[in-house]
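Protein sequence lines correspond, in order, to chains A and B. Heads up: the first sequence begins at 1 in the working numbering, then just goes up one per residue. Heads up: the second sequence begins at 1 in the working numbering, then just goes up one per residue.
In case anyone wonders, no lab produced these hints; they're calculated from the structure. Note that the coordinates shown come from a computational prediction; the quantities given were computed from them, not determined experimentally. Yeah, the Cβ is synthetic: ideal placement off N, Cα and C, and Gly gets one too. One thing to keep in mind: the hints can contain errors.
Over 10 Å on every C-beta distance to chain B, these chain A residues come out as not near it, computed from the model [said to hold, decoys possible]:
(1) Ala183
(2) Glu218
(3) Asp258
(4) Ile280
(5) Pro290
(6) Asp304
Pairwise CB distance ranges, derived in the manner of DEER restraints [as the list claims (entries may be wrong)]:
(7) B:Arg90 / A:Ser300: 36 to 42 Å
(8) A:Gly273 / B:Asp42: 40 to 46 Å
(9) B:Arg200 / A:Gly354: 26 to 32 Å
(10) B:Ala167 / A:Asp10: 46 to 52 Å
(11) A:Ala14 / B:Ala167: 32 to 38 Å
(12) A:Arg294 / B:Asp163: 25 to 31 Å
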Amino acid sequence: MTGQRRDSDDARTADVERAVRAWLHEVPDRPPDTLASAALDVSRRNSQRAGWLARWHQRSRGPNERLLMASAAAAAAVAVIVAVVALWPTIVGPPGDVAGPAPSLPATSPAPTTTTSPTPAAFDGRVQATIDLDRRATALGSGFSSLWAGDETGRLLRIDPADGATVGMIDLDGVACGPIMSASTSMWLTTCGSGITTAGAITLRVDPATMAVADRYEDGGGDGVGVGAMNGLVWFISDVEEGRLTAVDAVTGEHVRDLTIGGPIRHLTAGFGSLWVSPIGRPVVLRIDPQDGRELASISLSGDSGYLATASDAIWVSEPHQWLVGRIDPVADRVASEIGAAPGVSQLVIGSDGRVVALADEELLAIDRETDSVVDRVPVPRHVAFDAVTTYVLALDDGDVWYADQSSIVQIAPR
Amino acid sequence: VIVGEPIVHRQRGGYSRVVVPDDAASGTLTRGDLVLRAKDGDHDAFDVLARSVTHRLYGTALRILGDVHLAEDAVQDSLIDAWRDLRALRDPALFDAWATRILVRHCYREAKRARTARQVIVTAREETTNPTVDIDDRDRIEGAFRRLTPDHRVVIVLRHYLDWELAEIAAALGLAPGTVRSRLHYALASLRAAIEADERATPSTGGRRP
């Protein structure tokens, strides 16, 4: 009987599949003759390197406005370059509304860090310090009083945020792709895998004392993102498609247990005695019992769930397609608020003071947890590591906000 | 100029020839050659590439977004982004997948911006007493399709309009193939549930609904 129902279901689904396929091919879709020309006219006036200028063009509407904005942007860039050259080495970073003292980054810092380069006007004049890398950054994190940056050549750099000096470097077996997170006594990160997909990625545990890879988890990664530490265990996603979570001993790195949620999941965090995961393509966050994998609660959101982060009193979740950031009440197991953020909002970091900073496609946002509102927005250049792979390049270190802008790491002064 | 495979672009499972610009008249550039030229800053090469994918991108965006103006915006923004970030593309052979990925990102943005992508999540799938209900009603299919989440619309369009294999979709979206398979499964399940819910609410009379 059950088999007959399954056959019937399969047949019905196949009917739907055929019907939607036929409908998709019936939709008339001749584009306007001028469609490509209009875009090409815009792109022809832009160089490939000036990505922020192209984005200005996208935002503007009329050709006059585009020209005006292009001229203004070019003039601003020239002004920044001239000012930095003239005032160097007494200041670091572009002139403008610099809040707070600017850390001095001596030119004698060990390679690969140097100090240079005008920062795009996108930062709204709020750059406090710039640490230049000699390669494009693919991931960023903080921990053990250091910044940690992965670059496109597969290196993991440990950087002193006080002076920008590189104090350690490891050659990874892959390019760091997920966020670099501290948990317990180690740093944890996920590699991108091979090709332009993230299949074959691995999770690494790095011992900050020895600056060596202490453990490799071949099954760890995929395109799953997030590490959760709780009760002496560190959790990470070890199989995205099956929804498998793996726990290892936080100190020794030894495997402890696996849990299978069932169904694809992408993001993970731990807190309030539970694991919290974002299933792919579903507008919910699942609360999971870390002992046996039971689903304790399914918390509905307005949009598909994304990046997760644990604060002292809440679980925060990004909803990138709805441009929202949600705050989940872990006592009531429901969404306490959803805050309008920005397109593509993804990575969330929580400061020790509870401050929430979110990274969207072209903005950094500071969220006040008391009022559940965005209290500051800083325009940033969209970060593209390579092939438009999602990157996690935001870090909070001792209250300072750091953002990896292509091949430099920028400290931004929030208001 | 390197003589090689003619420049073609895939469309609805077939291929269409694209006119080569005058400066390449002495031979035929491969698509890979064009990408390499464009990466070096040759906008004419990019022009050919862009025009070769415009129809496909527009058709894809139109189906995902369901609005010609939003689709036009998504395509134009995608082409601008493609030129700007082209140097980030490692493998020239992946230009189409890469451009589609950019387009999908802009489709998400346009859908949200215009708030035309109203999300009605169908979580409960009740058993139907008649599993062979006629589903040829195009309005009903379109209505159900528009109620899917953007993620679900995207995978259905890439799979059933562009006829892409799962691996191609995975490459374009930056997902693992298994994830794409799962997402497609859930998308079709949601679509079916939405159609059935609509059928229960407005029983079919054999014709189009007003």
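Is it true that Ala14 (chain A) and Ala167 (chain B) lie within 32 to 38 Å of each other by Cβ?
22 Å, violated
Minimum C-beta separation from Ala183 (chain A) to chain B exceeding 10 Å: can you confirm that?
24 Å, holds
Between Arg294 (chain A) and Asp163 (chain B), is the Cβ distance one that fits in 25 to 31 Å?
41 Å, violated
With d taken as the least Cβ-Cβ distance between Glu218 (chain A) and chain B, does d exceed 10 Å?
15 Å, holds
Assertion that Asp258 (chain A) lies outside the chain B interface [Cβ separation over 10 Å]
17 Å, holds
Non-interface claim for Ile280 (chain A): all C-beta distances to chain B beyond 10 Å?
With a cut-off of 10 Å, Ile280 (chain A) comes too close to chain B, as the shortest Cβ separation is near 6 Å.
Range first: 36 to 42 Å. Now tell me if the beta carbons of Arg90 (chain B) and Ser300 (chain A) are that far apart.
39 Å, holds
Looking only at beta-carbon atoms, does the pair Arg200 (chain B), Gly354 (chain A) fall within the given range of 26 to 32 Å?
Given range 26 to 32 Å: violated, Cβ gap about 47 Å.
Outcome of range test on Cβ distance (Ala167 (chain B), Asp10 (chain A); 46 to 52 Å):
23 Å, violated
Checking a non-interface call: every C-beta of chain B should be farther than 10 Å from the C-beta of Asp304 (chain A). Is that right?
The assertion about Asp304 (chain A) is violated, with a minimum of 6 Å to chain B.
Take a look at whether the Cβ-Cβ distance between Gly273 (chain A) and Asp42 (chain B) falls inside 40 to 46 Å.
The hinted range 40 to 46 Å is violated for Gly273 (chain A) and Asp42 (chain B), with Cβ atoms some 58 Å apart.
Report holds if the minimum CB distance from Pro290 (chain A) to chain B is greater than 10 Å, and violated otherwise.
Nearest chain B Cβ is 24 Å from Pro290 (chain A), so the label holds.
Violated hints, listed in ascending order, are 4, 6, 8, 9, 10, 11 and 12; each of the other numbered hints is respected by the structure.
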